[in-house]
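K.L.:
Given chain A's structure and the hints, the job is docking chain B onto it.
Protein chains in written order, with numbering that gives the first Met the number 0: chain A, 0 to 264; chain B, 0 to 273.
In short, the hints are calculated from the structure, not lab data. All values derive from a computational prediction rather than experimental measurement. Be a bit skeptical, because a hint or two may be false.
[Said to hold, decoys possible] Just so you have them, the derived chain B footprint on chain A, three or more residues with Cβ under 8 Å:
| id | stretch |
| --- | --- |
| 1 | 16 to 26 |
| 2 | 163 to 173 |
| 3 | 199 to 208 |
From the three backbone atoms N, C-alpha and C, an ideal C-beta is built for every residue, glycine too.
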Amino acid sequence: MRLWWEVARRSFRRHSTYRAATYAGVFTNTVFGFIKAYVLIAVFASRGGAPVDGMDVTDAVTFAWMGQAFYVMVMLTYLDLAELIRNGDVVAELYRPRDLQAWWLAADVGRLGYQVLVRSAVPTVVGAVFFHLRFPSSPGVWIAFAVSFVMAQLVCFAHRFIVSLTTFWLLDYRATQQAAAVVVAFFSGMLVPVTLFPDWLQAVARFTPYPSMMQTPVEVLLGRHAGWADSAAALGSQLLWVVVLFAAGRIVLAAATRKVVVQGG
Amino acid sequence: MLPRRRTVREWLHLYLVLAGARVRADWQYRTSFVLFTITQFAITFLDFLLIVVLFNRVSRLAGWSLAEVAFLYGLSGVAFFVADVFVSQVERVSVYVRSGRFDSLLVRPLGPLFQLATDDFALRRAGKLVQACLVLGVAIAALDIEWTLLRVAVVAMAIVAGTVIFSAVWIGGVALTFWAVEAQEVVNSFTYGGNYATQYPLGVFAAWVRHMLTFVVPAAFVSYYPALYVLGRDDTLGLPQSVRFLSPVAALASAMVARWLWSAGIRHYRSTGS
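For reference, chain A alone in the conformation it holds in the complex:
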């Protein structure tokens, strides 16, 4: 446990040294937040303010800004591990006497600890200043959101891990990473809330792990899963994906280490 804590702590410190890059990212996240918010406002204005499936314009705008707050967590679809696999340095990673998945999870948590702190806070505050956003008043909803947020982070990590491992076979990660980014952006609710999808597409999305990355936690925050049973169902579906994707990651890793020829040998 001590080891993982130290890895996370150092990763946190490493990322906190790139100040200007972080501010630049915050700026860009915020600009996109405005564009997304105005588009959604126009959509609801064109409907004469009529809600979609219980989602009104305030919910939608909150969704747009939460998307910006979740951005760093959701939209990074690969780990530095992918580059190590591409250039062959992964061989040293495989020799080290510790669990590869847990090591990278610890590093990922450290990175996000810093980035989520800075890059989420600013867009949320700016959004709240310029627009009317909806935040829950009940502490129960906040607790459910916190749990849901942690699970979203785990789903995102497990997904990143698998995407990175495909480099073992493709020897390059840019294409898979790009493809993953698009699918994630679309089905996680990052670009448009899944609630606004046509019913059939919504059904498709709900069968994938992607809504667990963002759509579900934001729904929890907006109180769309009020009550014990509904909250449990929402968090349960996330937990299911955490288990499935972590297990899948280990299987892929095992397959890779068994059959793969490390580059540069």
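P.N.:
Same frame as chain A, now just chain B:
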């Protein structure tokens, strides 16, 4: 001795040799190359699907129909992705500066901009351009436009001027990173942000955003103003009619600002290291 001026033909030859070398190098990773091109093509479809999804909930967005928004999307997309294929590589200037490789660009007998554009030329990005052309074509087919010579000219002008505007935003934005090398991501809000915003009618946005997109980052001249003329629509900003034809002026102005920023950036550049 000053190098003699090269002719257009020589420039073209140099471009083909340098960019061609990059394409051949990328082609070594065949699966990745093909997959990347296809993904780029598919990516932008999901991008467009997003607009279709929104129109599943409304019949008109700020008064514009789906076909009309698709027209905006296509115009903006074609201009943006031509700039993306040929110019967006300049983004990597911050990588060059940080690693010290920018010095080697400066000592070679070619402008650094030319070298950057060829060094990281990525043909695989053309996948997105194909998609934008398709959407524009379908939108034009779906819309009942009465084509006159002037309308055709305005569309052609919009694409050329739009490409220049987006290229200028890219180069001018990237030039700013000579002062703040880590601030690269800020440029994205003007380039990708400009493209994203101009896929929608300007009336979607609050007044201050509309003014930004007209007077500061003139992305509205890429799609919105020319489209007003071609589709025969009224302007929500209440600017004079002539604004619809001002895309080339906006392009020229942005190119001049970009040129000035870039040379100021190069002058400001001090090598890294000791």
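K.L.:
Are at least 3 residues of the stretch 163 to 173 of chain A within less than 8 Å of chain B when you compare beta carbons?
P.N.:
holds (count 4)
K.L.:
Please check whether the stretch 16 to 26 of chain A has three or more residues whose CB lies within less than 8 Å of a CB on chain B.
P.N.:
holds (count 8)
K.L.:
Is the listed coverage of the stretch 199 to 208 of chain A by chain B valid when you require three or more residues with a beta carbon under 8 Å from a beta carbon of that chain?
P.N.:
violated (count 1)
The structure does not agree with numbered hint 3 stated previously, though it agrees with all others.
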